[in-house]
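Trainee: Here's the letter readout for the chains.
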Amino acid sequence: MQGRTAGVFPGLPDESAFPRVAQRGARVSLRVIEERHETLAVTRGVVQPARLAIDRGAMVSVWLDGEIGYCATADLAPRGLRAAADRALEWARAARGRGLGLADAPWPRPQAPSSREPPDDPLPGRAELIDLLRAEAAAMTRDARVRHWSASLRTTSTSEQLWIDGALAARQSFRFVVPNLEATAVDAGRSQTRTLGGQYNGFCRQGGGSVLRDSGIVGGGARVADEALQLLGAPNCPDGARDLLLSPDQMMLQIHESIGHPLELDRILGDERNFAGTSFVAPEMFGSYRYGSPLLNVSFDPGVPGEFASYAVDDDGAAAQPRRLIEGGILLRALGGALSQARARALGWPIEGVACSRASGWYRPPIDRMANLNLEPGDATLDSMIASVERGIWMQTNASWSIDDSRNKFQFGCEWARLIDDGRLGPLVRNPNYRGISATFWRNLAAVGDRSTMQVLGTPYCGKGEPGQIVRVGHASPACLFRSVEVFGGES
Amino acid sequence: MTADALFAAQFASLAQFVGSAPARGEILFGTLRGERSDFLRVNRARVRQAGTVERVTVGLRLLDAGRQARMVCTLGERERIDAVLGGALAELRAAIAQLPVDPWACWRPVPGRSERVDDGDAPGPAAAIDAILGAAGDADLVGLFAGGPMVRALASSLGHRHYHQTMSSSFDFSVQAGGDRAVKDCWFSGHWDAASLQAAIRAARERARILQRPARRLAPGDYRVLLAPQALAELVALLGWDGFSERAWRSGQSPLARAARGEARFAAGFTLVEDADAFGVPRFQDDGFERPARIALLEAGCPVRRLVSPRSAREFGVEGNGADEDERPLAACVAPGELPAAQALAALGTGVSIANLWYLNYSDREACRATGMTRFATLWVEDGEPVAPIEPMRFDDSLYRVLGEQLLALTDSAEPIPAGDTWNGREPGGIRAPAALVGALRFTL
Numbered sequence: 001m002q003g004r005t006a007g008v009f010p011g012l013p014d015e016s017a018f019p020r021v022a023q024r025g026a027r028v029s030l031r032v033i034e035e036r037h038e039t040l041a042v043t044r045g046v047v048q049p050a051r052l053a054i055d056r057g058a059m060v061s062v063w064l065d066g067e068i069g070y071c072a073t074a075d076l077a078p079r080g081l082r083a084a085a086d087r088a089l090e091w092a093r094a095a096r097g098r099g100l101g102l103a104d105a106p107w108p109r110p111q112a113p114s115s116r117e118p119p120d121d122p123l124p125g126r127a128e129l130i131d132l133l134r135a136e137a138a139a140m141t142r143d144a145r146v147r148h149w150s151a152s153l154r155t156t157s158t159s160e161q162l163w164i165d166g167a168l169a170a171r172q173s174f175r176f177v178v179p180n181l182e183a184t185a186v187d188a189g190r191s192q193t194r195t196l197g198g199q200y201n202g203f204c205r206q207g208g209g210s211v212l213r214d215s216g217i218v219g220g221g222a223r224v225a226d227e228a229l230q231l232l233g234a235p236n237c238p239d240g241a242r243d244l245l246l247s248p249d250q251m252m253l254q255i256h257e258s259i260g261h262p263l264e265l266d267r268i269l270g271d272e273r274n275f276a277g278t279s280f281v282a283p284e285m286f287g288s289y290r291y292g293s294p295l296l297n298v299s300f301d302p303g304v305p306g307e308f309a310s311y312a313v314d315d316d317g318a319a320a321q322p323r324r325l326i327e328g329g330i331l332l333r334a335l336g337g338a339l340s341q342a343r344a345r346a347l348g349w350p351i352e353g354v355a356c357s358r359a360s361g362w363y364r365p366p367i368d369r370m371a372n373l374n375l376e377p378g379d380a381t382l383d384s385m386i387a388s389v390e391r392g393i394w395m396q397t398n399a400s401w402s403i404d405d406s407r408n409k410f411q412f413g414c415e416w417a418r419l420i421d422d423g424r425l426g427p428l429v430r431n432p433n434y435r436g437i438s439a440t441f442w443r444n445l446a447a448v449g450d451r452s453t454m455q456v457l458g459t460p461y462c463g464k465g466e467p468g469q470i471v472r473v474g475h476a477s478p479a480c481l482f483r484s485v486e487v488f489g490g491e492s
Numbered sequence: 001m002t003a004d005a006l007f008a009a010q011f012a013s014l015a016q017f018v019g020s021a022p023a024r025g026e027i028l029f030g031t032l033r034g035e036r037s038d039f040l041r042v043n044r045a046r047v048r049q050a051g052t053v054e055r056v057t058v059g060l061r062l063l064d065a066g067r068q069a070r071m072v073c074t075l076g077e078r079e080r081i082d083a084v085l086g087g088a089l090a091e092l093r094a095a096i097a098q099l100p101v102d103p104w105a106c107w108r109p110v111p112g113r114s115e116r117v118d119d120g121d122a123p124g125p126a127a128a129i130d131a132i133l134g135a136a137g138d139a140d141l142v143g144l145f146a147g148g149p150m151v152r153a154l155a156s157s158l159g160h161r162h163y164h165q166t167m168s169s170s171f172d173f174s175v176q177a178g179g180d181r182a183v184k185d186c187w188f189s190g191h192w193d194a195a196s197l198q199a200a201i202r203a204a205r206e207r208a209r210i211l212q213r214p215a216r217r218l219a220p221g222d223y224r225v226l227l228a229p230q231a232l233a234e235l236v237a238l239l240g241w242d243g244f245s246e247r248a249w250r251s252g253q254s255p256l257a258r259a260a261r262g263e264a265r266f267a268a269g270f271t272l273v274e275d276a277d278a279f280g281v282p283r284f285q286d287d288g289f290e291r292p293a294r295i296a297l298l299e300a301g302c303p304v305r306r307l308v309s310p311r312s313a314r315e316f317g318v319e320g321n322g323a324d325e326d327e328r329p330l331a332a333c334v335a336p337g338e339l340p341a342a343q344a345l346a347a348l349g350t351g352v353s354i355a356n357l358w359y360l361n362y363s364d365r366e367a368c369r370a371t372g373m374t375r376f377a378t379l380w381v382e383d384g385e386p387v388a389p390i391e392p393m394r395f396d397d398s399l400y401r402v403l404g405e406q407l408l409a410l411t412d413s414a415e416p417i418p419a420g421d422t423w424n425g426r427e428p429g430g431i432r433a434p435a436a437l438v439g440a441l442r443f444t445l
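Sequences listed follow chains C and H, in order.
At position 127 of the first sequence (counting the first as 1) the number is 127 in my numbering, and the numbers step up by one without a gap.
At position 59 of the second sequence (counting the first as 1) the number is 59 in my numbering, and the numbers step up by one without a gap.
Pulled out of the complex, with its shape left as it was, chain H reads as follows (with noise of 0.2 Å):
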């Protein structure tokens, strides 16, 4: 597939531009952000808005004698873009010059090259409209499909030149069965199959006929639970806020502090890897740095590397691998275990079993204690049989205790969960999990 002509275009202009407006001394690195999305929201099977946003970004770093200062701008008008990144330049050796030296600024000096164009398709919007409300029937479904091409690209003064294009379709839904229950599923591909997502539309409706019994209310006590991937999944999301980060850990502000100390840790069958092929993230970063294919993160229960952005190294002295400045996992991997996946409500006997996770947060982030609420299709099981659907639960409980001393089993395969969030735009990324056999979970409310 070739590039998007006008990711392309802009992104000859800036590799243009970073090349030749440096004064003497100056480096200037510039990186592109970019994404064309179509965005359908979906309720109660009509729809509820649509359209189209196009947006690109250029961040510009400026580098003088130590000193940096950083500007990020959008875009717009083709014959503009040289105005607008003088523009910005202008206003970037403004800002420097009333700035000291930063001791911890470090970018890579040797160029590094890369381009890789992903082939794909999405669907225009009749064809998203009529493919999605097709197969919803009378369900009452909700949801958003997000498609089309993005771009994260990186030119330097110095020589860097890299450029990613992807181009995927997404459908994040649910099929609602009254109440707090639902089946909540995500289709994605990178190319458009109506028939693919019609069929797991199709899918999720049958697995909601559950949920119309009656449900159950638990009380607050330890329960067996069984974690759907997606479940687990938010778990990891939780642990990745801060707890592989080198400037968390050395800050005192690591929620892994005391596994890094050795005082905790998590089961020996719970290993964690860092895997930027595995959702096709970007193998650059910002400050011209590559990611390596593969960093461990905790091997058998222990945390064993952190993410360290360049600035991290030079702060703490320290070699670096590549992370995003916030040094955060992009694509985390769970390993999978021995469970067979077809067995594990069999596993699970008689318990919860959780298909989500939702709104978690530390509630004593030194002790990696969390918080956060069942969601969607959570099902009391009995002698592994799908009972009834349960009321939303609060749980409390050390991830140290629920992926340690009571993980039981990961089942042997890992599902793909791609990254949902869309606040600033589209990104890659994602988290790929096994189900987890938990034997007790603490509820509180």
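Extracted from the complex, chain C is given alone in its bound form (with noise of 0.2 Å):
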């Protein structure tokens, strides 16, 4: 069995390697990845040096007798690995008796494995991707107040295996493509920035050309110029409560911070609470507790095709399967893996949840993670959501995001935002923030767009755990109308 071959390194290590642990009772988990990144950009009409890396090792775990040690090498041959295994037996041992105490690991026992290939989607070659760059970069440059112009792509490409207990339990390849724009346009004191997707690359997918395509960066420079031009003389965003529409590119940020992370279940087990933090989500809130009106159905659903955060099988080799977290409002599930899943029953706490134990690379453990969270479509049209609105406001793209430690209090900045008076479009304004909690803001969502305003999005930059790892989540979600939400601009 043979893993890609990519010219640096020989391919990823076979069974023979896999490293035994001479200890009765003991399990063994292997995890091998190897990622290759490359970063194209155009920055200010210059081409940036291309940017690659290849990254590769395998992560050890050892459960014994309750615990589990963990030892992360990047040497794969067979003494490498014996190596790290007999580190983690170490970690293992040193913790029995005052660690979690687990009635076993948290791995399925080995059955066949799962695989996973990604589409075939071509990538166009880096000449032919360097000359998109600079075509969309050469289109920002129209006016002399754009001051900081770029287009960049990064893409990366994964392959995993994970053995348990000396059997291949899953096979995974997938490619990550993240196109961005950003323009900023500075005159008279005033700054404002405009991006494709966002500041910190909202539009993210799995595939290849058709991300590309489906992004809008071809032919994106000239209108986000355009529109960075044309916040730089917009009046500042007005202070007061107003209806909110938010667009995907928002929304995903709202779903992400007030939804997604308050519902780990490491969260709320108290794992984060010296980092990441806690949750306002109690455990008897699951099953019960309402957390959004009616028309917020919200799924864990690893399966979309192309959504950032698509997979087969999670880090400790759980089968991803679609599920319902919120329906009709009411809180269902929780993002917990298999292992925080054991330690609720065993805490008293009957918790389900989904297949989401995931680490940032070879060098991590896996933690509770989003991985695809989506809000599902309702029935409303854009024009419909407008034209219900008397006095509100539109928001696109976030830019700023910021929420409290149990995710409840935030306030969230955009980049570009229209006054809407009557049921109609108003002006352009700049620097739009709104602030809520949580706990109340998603009961005042009033509509859901429907699958016309739709988009699948992601963040390749969801922080968490200790030591601190960066994962790629996916975001779908329709523009969604709320009610009465507190609105303000900048310094006047």
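None of these hints come from the bench; they were simulated from the model.
Predicted model, so just to flag it, every value in this text is computed and none were measured.
Quick reminder that beta carbons are idealized off the backbone N, C-alpha and C, glycines included.
Honestly, I wouldn't trust all of these hints.
A few chain H residues that face chain C, going by a derived Cβ cut-off under 8 Å, partial list only [as the list claims (entries may be wrong)]:
(1) 23
(2) 24
(3) 49
(4) 53
(5) 55
Chain H stretches covered by chain C per the calculated footprint, using a threshold of three residues with CB under 8 Å from any CB of chain C [as the list claims (entries may be wrong)]:
(6) 166-174
(7) 204-216
Taking the hints as your guide, dock the two standalone chains into a single complex.
Mentor: Following this line, the structure appears as structure tokens:
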């Protein structure tokens, strides 16, 4: 059995390299990952140096007497993997009686291995991609007030193997594509930035050339620069309570911060209290808590083709299946993998979870993560939502985000907004922000857009964990309308 | 102390490679970043996750006839290092053949050399668990222990040779008191000292007692506050996000643009210096340039110098000062003031003592207006005496106001707060800050 040969590295290790542990009752998992990255960019008119990377290594985890130890190594020779297993065993032994006290490891017993291959969707070659980025960057330079402009593309190809107790449990391959455009216009002491998918790459998917076509990067340079210039001349966003219409490129952040993170079971169990924080969601809320209005339906769905965090099997070997987390506004399930579910059951909380144990790379152990977390479409058209608003605002594209450690009090800012008055779109405004409280905000969900308003987005930068882990997350959402939200602008 | 045998051998292989592999006309730089880290994660005073990470990466940068490309690769099996580096070089040659000349390419042609290997030690698995859980008692202790050696090194075909190895142990932890309330601290040392670590945990447990009192809920409005050093460090870290970057200034993205134009300023007592030696930051960067020991960023409340990477220096035609590409401070140090630290609460009188701020971001970047949350041990204080914890509050305020007209005093001692980031590996650096007495901070939610 052989993984993809990358040129610099040989193939991934075969079965003979699986590290055996000379300890009765011990269980072992081996996760081997090879990632290749390439970043191309044209910034302020200059083609930037190509940035390539290959990261390859393995995580060996050993369960013994209720505890798990791990060791990450890039030495994939049998000798290196054995040494890593010995170190992981040493940690498990040292924690005996002082850790989780798990009745068993959170890994399934060997079955037929799962496999996943990326779709046949080739990317153009490097020279063609550079030409594309040059063309879009050039299209942004139509006005001397555009002080900064860039066009960029980051691609990542990943091959993973998961072995449990000496048997192959999963083999998965992915290709992630993240295009972006950014323009900053400056004049008279004022500065405004507009992007294609957000300043932190909200447009990100799996695939190849089709991702570029769907992203709008082709021909998008002129639009992005024009909108930055328009914002430069726009008045400051007014203060006050308004109905708030959010486009998918802000909804994805709203879902991420105020639904995704609060539902992570490891946060609810307290693991993140020293760093990423806790949750306003308590274990007894599952099954009965009204999270939002009856229009709110949220799913964990790792099977959406092309969505950024689609996968077949999580990093503890659980098969990924779509599950409703919130239905008709009622909270049903947590974002908790097999380990967290077992811990919750041991505490008397039979909370149902999903296959979401994920690690950011071979050098980090898996924890509960979001994967694809999607808000399901409703039946409202964009025009009907606008027409239903007497005094409101329509915001697009996240620019600023902050939320408290229990994921309740939030404040978010966007790049672009237009006022809505008496059912009609009004003027463009700059520096739009809004704030609210998760526990009440979603109950003010008044309309959910139909499929014509929906976009499949995500973020490459979801941070959490000690030590820190940044993972890819997908969020698909329609446009949504919320009643009576506190809205405000920047310094006058 | 001698260099770690594995890291030193890998650096020797890298140095040999960059010295011998380039063809005529090629210049090759190689950076080495490595760590062998023990991570012990604790929740409710029990082991949550425990393990070891050994990871070494090499960054190769190939320049040829004005074109350049970069590649980072992980070093694994010792006997395969030359093959890995050779393969990476082949990919770089193929890449630059497709790239135009890079007018901003910049490197230091004069080779520099340095070596620093710090003394130190770290505990093994059993000793770390014994010390931490032994001091927890019945406390709800949560945190991350991280220990072991780190290396940063640079070699080039021009003769650069820099090697910087440190050894440290840290325990970033909190003693939880229910709800959002906790006492947070970070113990760190170059030498493992179980007694010192345990004393820090016991002290935090003691400080957490007041958090058992019922929390007060404040209404939005302006409040007189005392920002503990950790809280002020959060504001400084936010300012470091493009605030001192030459590239951000030139491209219209700097949050300190108004100050740079002389339209706004901080308080006269607010001085900020990048002090590489304060946190053992390597004095060299990836293009072979050496960092000055100190760079004044703010003096008497006004911008003095910006951090200029070699690439920005070339693009904008200014003198560089050895900054990394992201042009963020690595070791920002706020000058202390004159308020005796022991009298800080008395000087606050009645108001809010904020131990930590959390999740800061700009709400209006061009105006340097920021939002964020209070967190952990934030207390209501009356007549200089802590009365009760408060529920977390959101602030949204101009930093020109908070650290300008409203900055009443800085304490006379500054605390070192080591960088806790571990996203892509353990990082050197940190922030040194005193406590700050602020006349009014605007709570909004």
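Trainee: Would the hint on residue 55/H be counted as holding, given a Cβ-Cβ threshold of 8 Å to chain C?
Mentor: OK, holds: residue 55/H within 8 Å of chain C, min 5 Å.
Trainee: Per the coverage rule (Cβ-Cβ under 8 Å, at least three residues), is the segment 166-174 of chain H covered by chain C?
Mentor: Coverage by chain C holds for the segment 166-174 of chain H (3 residues, Cβ < 8 Å).
Trainee: Per the CB criterion, is residue 23/H less than 8 Å away from chain C?
Mentor: Violated: closest Cβ of chain C sits about 18 Å from residue 23/H, beyond 8 Å.
Trainee: May I ask you to test the interface hint for residue 24/H with respect to chain C, counting a Cβ-Cβ separation under 8 Å as satisfied?
Mentor: violated, 21 Å
Trainee: At a threshold of 8 Å, is the proposed contact between residue 53/H and chain C supported by beta-carbon distances?
Mentor: Hint on residue 53/H: holds, closest Cβ of chain C at ~4 Å, below 8 Å.
Trainee: Counting residues of the segment 204-216 of chain H whose CB is closer than 8 Å to a CB in chain C, do you get three or more?
Mentor: violated (count 0)
Trainee: With chain C as the partner, please determine if residue 49/H meets the hint condition of a C-beta pair closer than 8 Å.
Mentor: Holds - the Cβ of residue 49/H comes within 8 Å of chain C, reaching about 5 Å at its closest.
In the structure shown, a violation is registered for the earlier hints numbered 1, 2 and 7, in ascending order.
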